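Student: Now for the letters of each chain:
4 protein chains.
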Amino acid sequence: MKIRVYYEDVDIGGVVYHAKYLHYCERARSELFFSRGKSPVWEGYHFVVSRIDARYHAPARFGELLEVKSSVKKLTPVRVVMDQRVEREGETLFEMEIELVCIKENRPAKIPDYFLEVLR
Amino acid sequence: MKIRVYYEDVDIGGVVYHAKYLHYCERARSELFFSRGKSPVWEGYHFVVSRIDARYHAPARFGELLEVKSSVKKLTPVRVVMDQRVEREGETLFEMEIELVCIKENRPAKIPDYFLEVLR
Amino acid sequence: MKIRVYYEDVDIGGVVYHAKYLHYCERARSELFFSRGKSPVWEGYHFVVSRIDARYHAPARFGELLEVKSSVKKLTPVRVVMDQRVEREGETLFEMEIELVCIKENRPAKIPDYFLEVLR
Amino acid sequence: MKIRVYYEDVDIGGVVYHAKYLHYCERARSELFFSRGKSPVWEGYHFVVSRIDARYHAPARFGELLEVKSSVKKLTPVRVVMDQRVEREGETLFEMEIELVCIKENRPAKIPDYFLEVLR
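Residue numbers (our numbering), protein chains in the order written: chain Z, 324 to 443; chain D, 324 to 443; chain C, 324 to 443; chain V, 324 to 443.
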């Protein structure tokens, strides 16, 4: 998934605001579903973040075209662990391991097949 | 209502991103309700924006402390027109006239007394 | 320019936060330059917003694919007035007239040819 | 530092968007400096994030008043490690360990006394 760095993304130093990488990665996770004609919110089921371990290697700048790469690392009945990285022309600028919990009615819920078809 | 300009608010030029003034004004409108122990979302009623006429006079910068001033200009059964301005030490940096429509279940609805007590 | 509505864009009502349309339109203005291999920030020259007159017609929702259409309405030596609209399958959800001023070193400056080639 | 949850902060589920906690924590770090009449950007020196390890315990909701607590965990000549947590009435909703690197002219730099007086 390609993402352009716009005005709204950079801060006073001309580099991407640190929290924006989480936005980029969330867009990429949602797009995994959208690109298959599905939605990450389905019949009350959705994912919430429970853990993020992130490393920042180099800054992205205004106007650059970045790429987000995502892979599922671990899948349990209720949780998904993913590796996501933001690259610029093959160079990793940011990488994180993120753990998500499937939720329905504010409680952890077994990930439905509708989601599993995308995550597997 | 006082608002500090943080990293997330400024763009590449070191000045506040233009759309952020709308965020600041929305916080101030919500705070009108919160400061009276109420909420701008009540029993399904809430406001949506139908029109904004905004003028930008001077930029705000990182670290500055701004003030948002809000006043109700016109009140009809379903709509509110407000004047809002963002000031820095008495100087107006941004001003807008905003029209809001009261909504319930995706349809315009008569503004309930619960909201009117704040807006009058 | 196509824009997907992500988690970060919607608010409590499940519809796009009103200020986000300004973000979308800014991305589209920047992309006018990027798509021609140029940048909207060039040798110290860039644009700042001086006026926005916006109308909200209908809400966009999570997951929808929107389109931003932009056209230059008026061009003076220092200013540009543009019409921008956000559509969903041909239906206009949001439209605005925006006036931008070309700036260099914090002062209004004659729009350089580098920008004019894009705006004309 | 107290932070109110506004419209812009919550997503489709009515809870605070996960990346927003990083925004809240950044505001609190900046406010450490502002509250002492200083700025986190000084003579070209500033901090960039190199690592974040975050845990999400419970969601915050629209209108709630949160508190961000920050403490310096480790201080080296060039780096700071901080613990930050977001609480609601004493309950920890979010906590993270964040590592920041002092930067000048895009390179790691010894943290100046101007910053150390705040961090110690």
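Some clues are possibly wrong.
Identical copies go unnamed one by one, so any copy, or any two together, can satisfy a pair.
Below are the DSS-like pairs computed for lysine-lysine, each with C-alpha atoms no more than 27 Å apart in a straight line [said to hold, decoys possible]:
1) K325 <-> K392
2) K325 <-> K361
3) K325 <-> K433
4) K427 <-> K325
Just so you know, these hints were derived from the structure itself, not from any lab.
All values reported here derive from a predicted model rather than from experimental measurement.
Student: State for each hint whether it applies.
Tutor: Hints, one by one, checked against the model:
Proximity of K325 and K392 under a CA criterion of 27 Å is satisfied in both settings, with 9 Å inside one chain copy and 21 Å between copies. Taking identical chains as interchangeable, the C-alpha atoms of K325 and K361 lie at most 27 Å apart whether they share a chain (19 Å) or sit on different chains (18 Å). For the identical chains of this complex, K325 and K433 are neighbours neither inside a copy (31 Å) nor across copies (34 Å), given an alpha-carbon limit of 27 Å. For the homomeric pair K427 and K325, neither the shortest alpha-carbon distance inside one copy (31 Å) nor that between copies (30 Å) is at most 27 Å.
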